[in-house]
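Participant: Full structure from sequences and hints, please.
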Amino acid sequence: MNTASPKHAKNAEAFLRDEENTDWHNETLWFVRSKRDRAAQSLPEWEELREQASQIKAHALSKLDDYLIQLEENARKNGIIVHWAANADEHNQIVLDIMRKHKATKIVKSKSMLTEECHLNPFLIKQGIEVIDTDLGERIIQLRNEPPSHIVMPAIHLKKKHIGDLFHLHLGTDAGADDPQYLTEAARIHLRQKFLLADLAITGVNFAIAETGGFVVCTNEGNADLGAHLAKVHIACMGIEKVIPKAEHLGVFLRLLARSATGQAVTTYSSHFRKPAPGQEMHLVLVDNGRTRQLASPDFRNSLKCIRCGACMNTCPVYRRSGGHSYHTAVAGPIGSILAPNIDMKEYADLPFASTLCGSCTNVCPVKIDIHQQLYKWRQVLGEAGVVEPAKKVGMSGMDVLFSRPWLYRFAGRAGRWLMQTFPTLANKASLNPWAIHRDMPKPPEQSFRDWYAQQNKKTNG
Amino acid sequence: MAEPTTRDTILAAIRQGKPDLLPLPATIGFPPNISAENLVESFMTMVKTNGGQAIRVASLAEARAFLAEDYDLTLPVLSHVEGLDISNFTPAEELRLLDTLHLFVLEGKVGVAENAAVWVDEAAIGIRALPFITLNLSIVLSEKNLVGNMHEAYRLIDTSTGFGTFIAGPSKTADIEQSLVIGAHGSKTLTVFLLP
Ligand code: SF4
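For the record, the sequence lines run as chains A and B. Each residue of the first sequence is one higher than the one before, starting from 1 at the first, in full-length UniProt numbering. Each residue of the second sequence is one higher than the one before, starting from 1 at the first, in full-length UniProt numbering.
Don't read these hints as lab results, they were simulated from the structure. Warning: the hint list may mix true and false statements.
Straight-line C-alpha distance at most 16 Å; calculated EDC-like pairs for lysine to aspartate or glutamate [to be verified]:
{"no.": "1", "chain 1": "B", "residue 1": "LYS18", "chain 2": "A", "residue 2": "GLU211"}
{"no.": "2", "chain 1": "B", "residue 1": "LYS18", "chain 2": "A", "residue 2": "ASP65"}
{"no.": "3", "chain 1": "A", "residue 1": "LYS305", "chain 2": "A", "residue 2": "GLU51"}
{"no.": "4", "chain 1": "A", "residue 1": "LYS275", "chain 2": "B", "residue 2": "GLU82"}
{"no.": "5", "chain 1": "A", "residue 1": "LYS63", "chain 2": "A", "residue 2": "GLU185"}
Which chain B residues face chain A? A few, computed with CB under 7 Å, are given here [as the list claims (entries may be wrong)]:
{"no.": "6", "residue": "ILE14"}
{"no.": "7", "residue": "GLY17"}
{"no.": "8", "residue": "LEU24"}
{"no.": "9", "residue": "ARG56"}
{"no.": "10", "residue": "ALA92"}
{"no.": "11", "residue": "ALA117"}
{"no.": "12", "residue": "ARG128"}
{"no.": "13", "residue": "PHE132"}
{"no.": "14", "residue": "LEU135"}
{"no.": "15", "residue": "LEU156"}
{"no.": "16", "residue": "THR159"}
{"no.": "17", "residue": "THR165"}
{"no.": "18", "residue": "ILE176"}
{"no.": "19", "residue": "GLU177"}
{"no.": "20", "residue": "ALA184"}
Glycine included, every Cβ here is placed at the ideal spot set by N, Cα and C.
Facilitator: Next up, the structure:
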């Protein structure tokens, strides 16, 4: 049988080796999650706001063809050049062609998970083009030759000491200096030069608006704006699911996005691009890359509502303790684990299993995607497709046998308790029980819940 | 017959796979949580939370005095606010030369009390790069143009301009160990003057 290797678990093991760093990662993301909670609680209508956002997205997906056509028409009227790309290769080629046309050799990019998904950077670098990521976190990992580990906080896996060493090497900051203020200032000076000399700027798109033919880009650093306004050519790249019907709908999404992402009330800059500035050229690239397939699947189409806030990652107990890189995909964490198998089922078959299915992701998602249910659904789809790792499959079918036969379940419980009480070290032996790697099994209760309940019942009812 | 284009293929795939029509919610948005008499106070608190400063002034002359206090007005300064004549900088056509700009002052159209985002559009900005490339930014806004939340703001702003943006503070980042640093790529300070 052709099965996927348990990459996530293996990568996570590497991440977990540095215990101090793992703890820090876990606590920092939980801190961000807590900020999100406070921001959400500051709005009494939070839950209804999520509901509206979810419904607007559902509606937009149900008329996606109409809205894309409307977006295209209006964008063209505004003087924006619109392109369509079926997949990553087409997307990259379109970008390259525009560069060639303008003889551009230096480009600045603001963070875009879509270009990450399409592996645009390595493609352009191979063509001899200088590609500079300008979001500070992105620039850091670019200098380290790494992919982002989080969609909102790309360098969240690194400590300031790592960054200090990195900047010392590349930007000439003082050896051993690790003050974030000082390092950020150094990056500002370094990147200013890149902004000023760039021929062309690439940005992502947070929302595209069919009604106005424009699009909105949200950043805290201002890098998307500096890049786009200084270069002669601006290329904005978006997944086709990013289109919403009207500008008034932005009010709903902008109230949710930053609060869910970082706990801020709104991002510092929410820029509405609608026409190229005089003397400049603006392109909009609409990319499918598996999205129409996802749309055609009733089980998974809801995942296209995602506004990439990252809240599901910050709250996920598995993400927080395994690090974004363990997911070996552009978008890590719970939502990435739904999107990735759609692109390559075999390569990413391990990801829907990298979840406790606790439902925390679903609870925080600002557009109410049923994330944990989709992960559960993927496990079944992957099992049926025969791409699940055998050990997991045995475990699952074993559970199936156990849970569908109550008498066996009762017996197994009793036997297990006896076994663990009599031979306590057995269950903690990693070779027999993989669950016990990094974990101690709890002491088994003397009595099962069922027995205890029966006893209580007898006591109270005589 | 001509080969179907990528556009046709994508649209056909959408039509094939999209769900049945789902309605938009009956109403979009919510009434503000901030009462009219608290708009100024909430807005000013949020500017501070976002890392900027908000100052209530009675006149543009008062705003000018504050700017003269905080900034060296002999450095390159540009004001697009009528009646606030402190400009000594003429932007050249070459965008790179804007990099020396020390202070830029412009007029905000609408301010949102809930998050301190201020809408500025192309008419007020002029050259689009200005509010982002300047070292210090100042926005002048009338208290009459404060609203409670984003839904109200979208009813007032004109989204048919070529470019417009909500600015909610100085540029910032927390990409190094989640420590907040003010002044990433854009302006390092933001001062909002509230006029009656
Ligand atoms: S799935 Fe929901 S919570 Fe996760 S990034 Fe997307 S919008 Fe945010």
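Participant: Are the hints correct? Go through all of them and say.
Facilitator: Hints and how they fare:
With a C-alpha separation of about 20 Å, the suggested pair LYS18 (chain B) and GLU211 (chain A) falls outside the 16 Å cut-off, and the hint is violated. Only pairs whose Cα atoms come within 16 Å are accepted, and LYS18 (chain B) paired with ASP65 (chain A) is accepted, the gap being roughly 9 Å. Distance hint between LYS305 (chain A) and GLU51 (chain A) is fulfilled; the C-alpha atoms sit about 12 Å from each other, no more than 16 Å. Only pairs whose Cα atoms come within 16 Å are accepted, and LYS275 (chain A) paired with GLU82 (chain B) is rejected, the gap being roughly 26 Å.
Only pairs whose Cα atoms come within 16 Å are accepted, and LYS63 (chain A) paired with GLU185 (chain A) is rejected, the gap being roughly 46 Å. A hinted interface residue such as ILE14 (chain B) counts as satisfied when its beta carbon comes closer than 7 Å to some beta carbon of chain A; here the least separation is about 4 Å, so the hint holds. Of the supplied interface hints, the one on GLY17 (chain B) holds, with its beta-carbon coming within about 3 Å of a beta-carbon of chain A, less than 7 Å. For LEU24 (chain B), the shortest C-beta to C-beta distance to chain A is roughly 5 Å, which falls under 7 Å, so the interface hint holds.
Contact between ARG56 (chain B) and chain A, as hinted, is not supported at the beta carbon level, the nearest pair being about 21 Å apart and thus beyond 7 Å. The criterion of a C-beta within 7 Å of any C-beta in chain A is not met by ALA92 (chain B), whose closest approach is roughly 13 Å, and the hint is violated. Hint on ALA117 (chain B) holds. Least Cβ distance to chain A is approximately 5 Å, under the 7 Å limit. A hinted interface residue such as ARG128 (chain B) counts as satisfied when its beta carbon comes closer than 7 Å to some beta carbon of chain A; here the least separation is about 4 Å, so the hint holds.
Among the interface hints, the one on PHE132 (chain B) holds; its C-beta lies about 4 Å from the nearest C-beta in chain A, closer than the 7 Å criterion. Annotation: interface hint on LEU135 (chain B) violated; nearest CB of chain A at approximately 11 Å, more than 7 Å. Contact between LEU156 (chain B) and chain A, as hinted, is not supported at the beta carbon level, the nearest pair being about 11 Å apart and thus beyond 7 Å. Interface hint at THR159 (chain B): satisfied, since its Cβ lies 4 Å from the closest Cβ of chain A, which is below the 7 Å cut-off.
At a threshold of 7 Å, the smallest CB-CB gap from THR165 (chain B) to chain A is about 4 Å, leaving the interface hint in force. Checking ILE176 (chain B) against chain A: minimum C-beta separation of about 4 Å stays under 7 Å; hint holds. Interface hint status for GLU177 (chain B): upheld, as the beta-carbon distance to the closest one in chain A is roughly 5 Å, under 7 Å. The criterion of a C-beta within 7 Å of any C-beta in chain A is met by ALA184 (chain B), whose closest approach is roughly 4 Å, and the hint holds.
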